[in-house]
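So the chains spell out like this:
There are 4 protein chains.
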Amino acid sequence: MESVEFRPTKEQFVYTFGGHGPAMAVKPGTLMQLWSEDAFNHTLRTTADLSSEKVDLRYVNPQTGPFYVQGAQPGDTLVLHIVELKPARDWGVSAAMPFFGGLTSTDRTATLQDALPDTTWIYHLDRAKNTVGFQARFGDFTLELPVEPMLGTVGVAPPAGEVRTSLVPERFGGNMDTPEMRSGITCYLGVNVEGALFSIGDGHYRQGEGEACGTAVEGAMDTTLIVELIKGGGPLWPRLESDDSIMVVGSSRPMEDSWRIAQLEMVRWFQELYGLHQLDAYQLLSQITKVPVANVVDSNFSVVVKVAKELLPKSPPFGGIHADLRSRVAAL
Amino acid sequence: MESVEFRPTKEQFVYTFGGHGPAMAVKPGTLMQLWSEDAFNHTLRTTADLSSEKVDLRYVNPQTGPFYVQGAQPGDTLVLHIVELKPARDWGVSAAMPFFGGLTSTDRTATLQDALPDTTWIYHLDRAKNTVGFQARFGDFTLELPVEPMLGTVGVAPPAGEVRTSLVPERFGGNMDTPEMRSGITCYLGVNVEGALFSIGDGHYRQGEGEACGTAVEGAMDTTLIVELIKGGGPLWPRLESDDSIMVVGSSRPMEDSWRIAQLEMVRWFQELYGLHQLDAYQLLSQITKVPVANVVDSNFSVVVKVAKELLPKSPPFGGIHADLRSRVAAL
Amino acid sequence: MESVEFRPTKEQFVYTFGGHGPAMAVKPGTLMQLWSEDAFNHTLRTTADLSSEKVDLRYVNPQTGPFYVQGAQPGDTLVLHIVELKPARDWGVSAAMPFFGGLTSTDRTATLQDALPDTTWIYHLDRAKNTVGFQARFGDFTLELPVEPMLGTVGVAPPAGEVRTSLVPERFGGNMDTPEMRSGITCYLGVNVEGALFSIGDGHYRQGEGEACGTAVEGAMDTTLIVELIKGGGPLWPRLESDDSIMVVGSSRPMEDSWRIAQLEMVRWFQELYGLHQLDAYQLLSQITKVPVANVVDSNFSVVVKVAKELLPKSPPFGGIHADLRSRVAAL
Amino acid sequence: MESVEFRPTKEQFVYTFGGHGPAMAVKPGTLMQLWSEDAFNHTLRTTADLSSEKVDLRYVNPQTGPFYVQGAQPGDTLVLHIVELKPARDWGVSAAMPFFGGLTSTDRTATLQDALPDTTWIYHLDRAKNTVGFQARFGDFTLELPVEPMLGTVGVAPPAGEVRTSLVPERFGGNMDTPEMRSGITCYLGVNVEGALFSIGDGHYRQGEGEACGTAVEGAMDTTLIVELIKGGGPLWPRLESDDSIMVVGSSRPMEDSWRIAQLEMVRWFQELYGLHQLDAYQLLSQITKVPVANVVDSNFSVVVKVAKELLPKSPPFGGIHADLRSRVAAL
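Taken in order, these protein sequences are the chains called X, C, D and R. With numbering that gives the first Met the number 0, you'll find the first sequence wraps up at 331, consecutive numbering, no jumps. With numbering that gives the first Met the number 0, you'll find the second sequence wraps up at 331, consecutive numbering, no jumps. With numbering that gives the first Met the number 0, you'll find the third sequence wraps up at 331, consecutive numbering, no jumps. With numbering that gives the first Met the number 0, you'll find the fourth sequence wraps up at 331, consecutive numbering, no jumps.
Since the hints were made in silico from the structure, they are not lab data. Here the structure is a predicted model, which is why all the values come from computation and not from measurement. Check the hints yourself; a few may be wrong.
A pair counts as met if it fits within one copy or between any two copies, since identical chains are not told apart.
The calculated lysine-lysine pairs, modelled on DSSO-like cross-linking and capped at a C-alpha distance of 30 Å, are [to be verified]:
| id | residue 1 | residue 2 |
| --- | --- | --- |
| 1 | 313 | 128 |
| 2 | 313 | 9 |
| 3 | 128 | 85 |
| 4 | 313 | 53 |
| 5 | 9 | 53 |
| 6 | 53 | 230 |
| 7 | 53 | 308 |
| 8 | 230 | 9 |
| 9 | 230 | 308 |
| 10 | 128 | 26 |
| 11 | 289 | 313 |
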C-alpha cells in the first residue's frame, strides 16, 4: 500500500473548508499518517491559560490538509477509513469559553447575562492505563476516564464556491463532533469540487455526546487513515459505517432539523440498500434507529441516526468497501 | 410484599395527567400488576384500519390510573420501579398518521403539503423467538425484530391545577417515549399534588430512538411495578436509574432546549451526588454523557442525558433505593 | 343593549383556562364591564418589591371570568369585541424576573449562568397627557411614553379536558401578549366546550412587540367588551379584526412554527374569503402580509400575521359582524 | 458629488459574499448608480418557466459588486444610503420553488412529503398607477398592489476568510429580505476585510414580511445609493436608520435566536445612544420596540427590531450621518 505522512507546520494550518489549495495530492488507496494540532492551537497548556486571553474563535480547529484526491470529481464519493487514532501528547485540555457551549448563552442564543467563569481543565494521559484524568478546578475530586480518541472535524470543500470555517458542521462534514468518528470507522462524503480537498483535525481524547461545555478533551492527534474514492454515488449528507452500524450525521438548527435531515437520509439509504418504499423504510426505521446526539454547541448542531447491522439483512453499502478496507488494514 | 392488580374497563380510561380522581389508592411498597390498552385504544387491528378513520388524537394513550399514593405530598419523590413489562397481545400496531410524526409537517410545523398516505402496519409477535415481525406494506420485505418492551407514558399530576393530555411529555413525566423506560428501571418523579396521582400507559413492544413516524410498535401491556415514596427531594425533571446508568429526561421545544433541560438537571444531580462545583460538573459531564434522543414527534420533544455508572465513583442516588428495589424483586 | 359588570374578589381569581365553573353566565349581545387585576396580583407596588420575593409564577395573570356564553357549543365562534380599555390605576409596573424573559436563560432555555438582577420598574400614569413615565433604575433617564392599553390574555377553555395555566398562549387564545389586542378589535375564538368559558386579564398600559423582558407595563384594567356568538365556523386559531386589518395569532415553539401556524391559518382564511386556490393564497399573502411578533417570552411564542384591508377587495369576514359591532358601539 | 455607474454583464455576476476581487473601487462619498439582475437570473419570464427546470439554487441572487471602498478597514462602519430604488423592468416574477419557502418542507426541515406544485407568477407593472398586478394561476382573481421597491441583499465580505452564498443573511448583512431596505434608508455594516467589498442585489418590487413562499415580486432594479465610511465603530450586526426609525436585523435559526440577536444589539445601541444601564435599556425597549419579521425562508431567518424616533430623545446615531446624507440627497 502506498503511504504518505504529513505533519503541517504552523504556517500550513488552515481554518476553513474550501478556500485553500491542496497541501498534498494523494492517490485513492493511499495510507496517510497525519498529525493534527489541538483545537486551541496549542495555546492552552496549563489551567492558568485562559481561552479569553489566548484563543481567537476565528482561528480554532486548525486543519491538517486539504488533500487533493486524484480523480475525485463532483458527485463522487470520498471514502475515508480511520485506521487508528493515537493521542500525540501526554495531556489534553478542555475549557469553558465565555459565551461558547451548551449551557451558556452564546452569540446566537444571546442574553444579557454574564459569561460563565473562563476556566481551563488539563487532563493528563496515563498511557499504561489508557486513561485521561479529570481534576476538578473547584475542589479535590479526581476521576480517571478511558481514552476514546475521535476526530471532531472531517470534511471536504463545500459546493458553490463557499468557504466555511472549521467550526461549522454541514452537508460537507466539517466539525460534526461525534464520538462515532473513531478508529475503525469509514466515512463517506459527497465530493463537491475537483480533488475533494478534504482535511481533518480537532482530535479529542474523549468526548461526551452533545459536547456540552463546547470543548472535549482536546489534543494533538496522530491519525492513520486510508483514502479511497468511489466514482459517483456521493451521498447528500455524511454517512458513516463501522463493523457494527451504519450512520448518518445531520447538522443544522434547531436540533430537530438536524435529526430530520439525518433520519430522511437514512430513509433514502434504506431505500437504496433494500429497495423499500419510502413509507416502509420510514416505518421500519422508526422501530430500530438509535439517535445519539453529537454536538449541541457548534454553529450547527449535529445529530447521528444509527442502525445496528445485526438487526438487518446483509446488504453491504457502497459495494462492501468497508469490509474491504478492514481486510486491507488487517493485512498491514 | 403487598400487591394489587388493576385492569381498567374502557370507561375507566383517562386521557390526561391531572383532572381525575384516583382509580385506586396504594401504599408505598406495593407491588402493582397493571394492564394498559394500546395507544390507539384498540381501534387499529388490521392494516385496513386507518388512523384517520378510527383514531381521535384527543383520546389516545389511554392511561391506567391515576393511582393515589398514600402519604405523597408536593415536593416528595415518587419512585416507580418497573419489575417487568410483558406484551399483553400477540400483535402490535404502528401507523403513519396524517400530519403526525417526525418526517411530515404537523399542526405545529405547518405546511401546505398533502399528508403522507395514512398507513397501518401490524407486527405479529413470536413469543418463542421473542420477536415482532415487520411486514412491508408496499413490497415483500419482512424482518424479525427483538421484542424490547417499554412504556411510552409514565407521569404524575401536574402542578398549579393544570391538566395535560396524555400526549405531552413534560416536567411531570408523561409521554416521554424513551426506550429507556424498560424492565429494571427506576423512575423518580417530583410529586405535585397530594397522592401524586400517577398513571402509566402507551406500551411499546419496541421503539427506535426518536420514534420517527410518531408511533412505536404499539400494544397492550402487562406491567409489574413497585411503587415507593421518598419524603422530600422531588427532582425538577424526571430522573431514571438502571443497574448501569443514571439518566434525566428533558422535554420541550425546540429540541436543543430539551437537551439543555436534561443536561442542566444532570449537572445538579452530579452536584448532589459528588459535591462538585457546577463548573466542574459541567466539565466532567461534557466528557462522559450519552445523549439518546427519545422522541421528536410529541407535543414536546424528549431527550435523555445518560451517564454510565461504571465511569463513576459509587454514590447511590436517592439513598440507594434502586439497589434495594432490585433485591426486593430478586426475592419475589 | 343588555349589560353586566363584574369585578372579581381576590378569591374569585382563576389562573387557568379551563378547570373552573363559570363566574357568570351571559347572553350573546351583552355589553360587559370587567375589571382585571394586574399580572403580578398587585404584589409589586414599589421598586422595592421584588418579584423573586413576592410573585409565584404558578399564580400570575389572574383571570376575570370564566364566563359562560349561553348557546355556545363546541365548533361555534366566540366573538369578543373590545369596546374600550382603560387603566384602572394611576401606575403600572414591570419587572425583570429571574430566569423569565427574552434576553435571559429560562427554565427551558436552561443555562448555568446567574439570573439577571431582579429589578422592578414603576410607571406613573399622567391621565392628562395620556402617558406613562419610564424612570431608569440605574440612572436618571426618564421618558414619557403614550398609554396604549391592551389585554395580554383573552381565551376560552381548551378542548379534550385540558386545563392550562394563564401563562400560556395556544390555539384557545390565552396569553398571546399582542399589542393588537386593543380597543376596537374583534377577537374570534373557536369554542371547545359548552358555554365557551372565556376569561380575560393581564392588562398592559403599553407593550413593545416581543415583550422582551417578559413583562409589559402591567396594570389593573377596566375593560368594556361586547360578547357575541356565531353558530359554527369556529376558527382553528385565534383571528382578530380591526377597522384596518385582519390578523391571525399563532403560538408555539420554536418561533418559526408560531409563524407557520399563523401564516397557514391566514391562507385558509383567504381561501374562505376569496375562493382562492391555496397556492394563489400563499403567493398573494407572500407579498402583502405584515408579521409583527407578539411575544418571545411565554411558554409558547406568539406571532401575528396581519393583512391591511385597504389592499384587498371588500369581503367582510364572519358575516360582517365587526362592522355591525362597531355601529352598535357608536350607538351607545 | 462624485458619481459612478455600474451595470454588470452576465459574466460579472457573483453569487457569494467574499471570494471575489472588486468589480470597482469607490471613494467614500460617491453616488453610485447600480443595476441588478433579478434573483432568478432572468430565467423565469413567463408562467410557463418553471424554477425546477430553469433555476439552480446554487446560483441565485446574482450580486452587483463587490465594490472596494477606499480606506475601509476591519472594524470600520460601512454606510450605504439608499437614495432611490426603481424597477428596471415592467414585470416582476415570483415562484413557489419545490422544497423552498416557509409553508413547505425544505432540505433542512426535511420531510417525506411531495413538493408543492412548482408554480410561477408574473406581475405586470403599471408605472402610471405605480402598481404590480397579481394574477391568480388557479382562477380569475386579480389584484393591483402598490409597488414598494426594496433590496433583498445588501452585504459585505465575511470575516475569517469565509465565503458565503448570496442566499444567506448573517452578521455581514446578506440576504436579509426585509422590506425596510427601501429608499431613504441608511444601512450600517461592520467592515470585515480591507475595502469592505460590499455588493447588492435581489431587488423586490414588493414583499410581505416573512417572504412566506420564499420569493418576493422579484425584478431587475436600478439602485441609486451613496457610499460612506465611518472609521471605527463597526456594529456587530446590521443596523438601519430611516427618517422615522432605527433598526437592527438579526439572522439565525431558530427564529427566536434571530430576535434575541437583534434585541440585544438594540440594547447595546441604546446604551451607546443614551448611556443607559443594560437593564434599563432592556426594560425601556420591552415597552417600545416593533418586531417586524423579515424572512422565515432563507438559510437563516431574519427578524427586525425597530424603534420609532418620535418616542425618543434626540440622539442621532453615527454622528448624525443619516440626516447629513438626506440633505446631500435633497441637494442633488
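>> Checking an output row: residue 128 and residue 85, CA cutoff 30 Å. Within, between, both or neither?
In response: within (14 Å within a copy, 42 Å between copies)
#### Entry: Same-copy or cross-copy closeness of residue 53 to residue 308 [CA-CA at most 30 Å]
Classified as neither; 45 Å inside a copy, 36 Å across copies.
- Item | 30 Å Cα threshold - placement of residue 26 relative to residue 128 | Neither. Shortest intra-copy (37 Å) and inter-copy (49 Å) distances fail the 30 Å Cα cut-off.
When Cα atoms must be at most 30 Å apart, do residue 9 and residue 53 count as within-copy, between-copy, both, or neither? The answer is within: 16 Å in one copy meets 30 Å, while 45 Å across copies does not.
Note to self: Checking an output row: residue 313 and residue 53, CA cutoff 30 Å. Within, between, both or neither?
What the structure shows: This pair counts as neither: shortest intra-copy Cα distance 51 Å, inter-copy 37 Å.
- Query: At most 30 Å between C-alpha atoms: does residue 53 with residue 230 qualify within a copy, between copies, both, or neither?
  - Reply: Classified as between: cross-chain Cα gap 27 Å, same-chain 44 Å, threshold 30 Å.
How do residue 313 and residue 9 come out at 30 Å by Cα distance, when the copy is not named: within, between, both, or neither?
neither (46 Å within a copy, 44 Å between copies)
With identical chains treated as interchangeable, where does the CA-CA distance between residue 230 and residue 308 reach 30 Å or less: within a copy, between copies, both, or neither?
within (25 Å within a copy, 46 Å between copies)
Between the shortest in-copy and the shortest cross-copy C-alpha distance, which are at most 30 Å for residue 313 and residue 128: within, between, both, or neither?
The answer is between: 20 Å across copies meets 30 Å, while 37 Å in one copy does not.
30 Å Cα threshold - placement of residue 313 relative to residue 289:
both (19 Å within a copy, 28 Å between copies)
Quiz item: Given a CA cutoff of 30 Å, do residue 230 and residue 9 count as a within-copy pair, a between-copy pair, both, or neither?
Solution: neither (34 Å within a copy, 33 Å between copies)
Hints 2, 4, 7, 8 and 10 from the earlier list are contradicted by this structure; the remaining hints agree with it.
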